[in-house]
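Model the placement of chain B on the given structure of chain A, informed by the hints.
Each chain, letter by letter, is given below.
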Amino acid sequence: MTTLTLNAALHLDDFSLEVDEQIPLQAITALFGASGAGKTTLLRIVSGLHREAKARIALNGEVWQDSDNGIFVPPHLRSAGYIFQDIRLFSHLTVAGNLEFGRRRAAAGDGPALEDVIRIFDLKSLLQRAPDSLSGGELQRVSIARALLRNPTLLLMDEPLSALDARRKSEILPYIEKLPERFGLPVLYVTHNVDEVARLASRIVLLSQGRVIAHGDATEVLARTDLKPLADHLDPGAVLEATVIEHRGGMATLGVGTQRLRVPGISVESGIDVRIRIQARDVALAIQQPQGLSIRNVLDARILKIEHYGEILAEVLLDVGGQQLRSSITREAAEELHLQQDIAVYALIKSVAIDVGLAG
Amino acid sequence: MDLGPVWISLKLASVTVVVLILIGTPLAWWLAFTRSRWRAIVEALVALPLVLPPTVLGFYLLILLGPAGPVGRFWVQLTGDTLTFSFLGLVIASVLYSFPFAVQPLQSAFESVGRAPLEAAATLGASPIDAFVRVASPLALRGYVTAIVLGFAHTLGEFGVVLMVGGNIPGVTKVVSIAIYEQVETLTYSQAHYLSAGLLAFSFVVLLLVYVINRRIPINRIQA
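So the sequence lines, in the order shown, correspond to chains A and B. Heads up, the final residue of the first sequence is numbered 360 in my numbering, and it's a clean run with no missing numbers. Heads up, the final residue of the second sequence is numbered 224 in my numbering, and it's a clean run with no missing numbers.
Chain A with its partners taken away, still in its complex shape (with noise of 0.2 Å):
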């Protein structure tokens, strides 16, 4: 496993970084956060690109920096391959030419075979275009690529979808979804979109105004309750407003709507209301009134949307009174259930979970 130490601070007028993390880089690692948290900056500090930075970068003990003692490897010295927002191909090169230049100067080692690389990126057909001649989605496949050819022994990306338009990212999310497993390379991935974090990331630095609020296992993370800027930018459609209607026996009753759901005692009075935060896969669908369940909150629903993720799950979109929630389910149970648009559900929710300091 390759560890990165990231340890930087920068102090300028209006924005301020403190950051002193280990990370340890398998597959893809979401560095998530608002604009403006200073993640595109954290990651050219890692690269180099940012040298104004006091410092300390080391990959795998091998020391890219070390402000303190003076050391600083230029950019072109640390093997870290980088994707940039705006892409960057060289304009007077052909897409041939932007990939020999970066196979020219492959740090040592195998790195992957051109023709490979050209296969996977489906590149044939362009290697004498120019790129001008390209659109965003094949640029940025070239761009890859390119930087793939150079052989690093870690890859930064910068939020490589934000110039593409649906259409587009959905085309290039599978190239960089098998990057970490094709290609032997841990990813540093640059974003401050969920579903991007959801689908990719296996591991998350959160990142909020300069500093790491959480970081961890991205399941682990997408779940805490106590992280209101993941939660600004969590889909509506997990979060749910809800008004506390009475405490009895240790149990809570809030409404939701016109339903009701009963929840662990909670510490806000009655009259309050709250956001509560269910996640998707702690939502069951039934397309009859359940009986004999254990879980005792049932949620009368209609299907808005079925989303199919991968080849497994689905996720389905439900509107409840008013407000959205979201259930992930498996492909195959959807089928059996024969789930489709407007016809309505029961919600089964497990686990409820109370964002009391967004009350309000």
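Don't take every hint at face value.
[Unchecked claim] Stretch-level coverage of chain B by chain A, calculated; a stretch enters the list once three of its residues show a Cβ under 8 Å from a Cβ in chain A:
(1) 129–138
(2) 158–170
[Claimed, not checked] In silico negatives: residues of chain A with every beta carbon more than 10 Å from chain B:
(3) Pro24
(4) Thr219
(5) Gly257
[Unchecked claim] Counterexamples of contact, computed for chain A against chain B with all Cβ distances above 10 Å:
(6) Thr40
(7) Ser47
(8) Leu49
(9) Ser67
(10) Ser91
(11) Asn297
(12) Lys305
Hints were generated in silico from the structure; no laboratory data involved. Just so you know, even glycine gets a beta-carbon here, dropped at the ideal spot from N, CA and C.
Only chain B this time, still in chain A's reference frame:
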């Protein structure tokens, strides 16, 4: 007809252009990317020859390079020759006089290339020099073409500075523009016609080439 002045003019312009590019490239690069507060001062100094009468520049060069001047005296001690009224003195004067014509197009070409492609090159393993040669220079090609042609043509067309620093020594410092002046003074108009028409045609062809070539080289743009 005496073609000597033509060769001296061409030789002077060629040597001047080579020196201009060698000195102008790093200076233009620095001007394009520095955040130093000296930048404005250096830019103003580089642009001075655009506004100064050639006689002013020639006057100071004469004092500086003359046998009694600080640079000229050192040169005499070193080599036994004077800098003024020599070919080398002409080159120094021409370089200074044509400096803005080479530095400004290079600077604006480097500025339009920007840092972005250089950063991309660095993350692909290119050293700064590698990135300069393989990325920045080709992207700044139009700037180089403009700098070379303007530097060359401007040197060919200079008169005042050359006259003051180089004088009119046949075979050494007598360039075309001086020769024409002399022929007019001595009323040998037919000779003046040949050289003038030649210089006119040459200048037109050179400028025409610049515009044609510049249209052929695509505008340098990095993909966004």
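Hint by hint, here is what the structure shows:
Coverage of the stretch 129–138 of chain B by chain A holds in this model, with 5 residues showing a Cβ closer than 8 Å to a Cβ of that chain against a need of three. Judged by the Cβ-Cβ criterion of 8 Å, the stretch 158–170 of chain B is not covered by chain A as claimed, because only 0 of its residues qualify and three are needed. Against chain B, the non-interface label of Pro24(A) holds: every CB pair exceeds 10 Å, the least being about 23 Å. Under the 10 Å C-beta cut-off, the non-interface status given to Thr219(A) relative to chain B holds; the minimum distance is some 31 Å.
Under the 10 Å C-beta cut-off, the non-interface status given to Gly257(A) relative to chain B holds; the minimum distance is some 46 Å. The Cβ of Thr40(A) sits about 12 Å from the closest Cβ of chain B, beyond the 10 Å cut-off, so the non-interface label holds. Once the 10 Å rule is applied to beta carbons, Ser47(A) is inconsistent with being away from chain B; the minimum gap is 6 Å. Non-interface call for Leu49(A) relative to chain B: violated, since the shortest CB-CB distance, roughly 5 Å, does not exceed 10 Å.
The beta carbon of Ser67(A) sits about 19 Å from the closest Cβ of chain B, which is more than 10 Å, so the claim that it is off the interface holds. Separation of Ser91(A) from chain B is inadequate, the least Cβ-Cβ distance of about 6 Å not exceeding the 10 Å criterion. Distance check for Asn297(A) against chain B: the nearest CB is about 49 Å away, which clears 10 Å, and the non-interface claim stands. Distance to chain B confirms Lys305(A) as a non-interface residue, since its nearest Cβ pair spans about 33 Å, more than 10 Å.
Hint compliance for this structure: hints 2, 7, 8, 10 are broken, all remaining hints hold.
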